[in-house]
Amino acid sequence: MFGAMFFAVNKYWHAQCFQCDWCGKPLVGGKHYVVDNLPYDLECHWIKRLAIQKEQQEQEG
1 MFGAMFFAVN KYWHAQCFQC DWCGKPLVGG KHYVVDNLPY DLECHWIKRL
51 AIQKEQQEQE G
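Quick note on numbering: full-length UniProt numbering labels position 32 of the sequence shown as 32, and the sequence is numbered without any gaps.
If you're looking for bench data, these hints aren't it; they were derived computationally from the structure.
It is possible that part of the hints are untrue.
[Claimed, not checked] Result set (EDC-like, lysine to aspartate or glutamate): computed pairs, CA atoms no more than 16 Å apart in a straight line:
hint, residue 1, residue 2
1, K48, D36
2, K11, D21
3, K25, E43
4, K31, E43
5, K31, D21
6, K25, E58
7, K11, D36
With the sequences and hints as input, model every part of the structure.
Written as structure tokens, this is what we have:
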């Protein structure tokens with residue numbers, strides 16, 4: 001696979017491979033949010049953050 005690459009989330013990506021870790025949608029233009037060192041689009045970013053927050057609250061009792 002050849003083509004332009006860019007650096008994000010501590011590694012190099014082909015543009016077509018850079019996608020949201022939650023839903024798999026391409027992150028067009030490289031715009032993304034990072035949670036646990038993984039890329040997410042805006043909507044999935046909030047879903048993931050809320051899931052982490054809920055998990056932490058459940059662990060605290």
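* Identify every previously stated hint that the structure contradicts and give their numbers, smallest first. => 6
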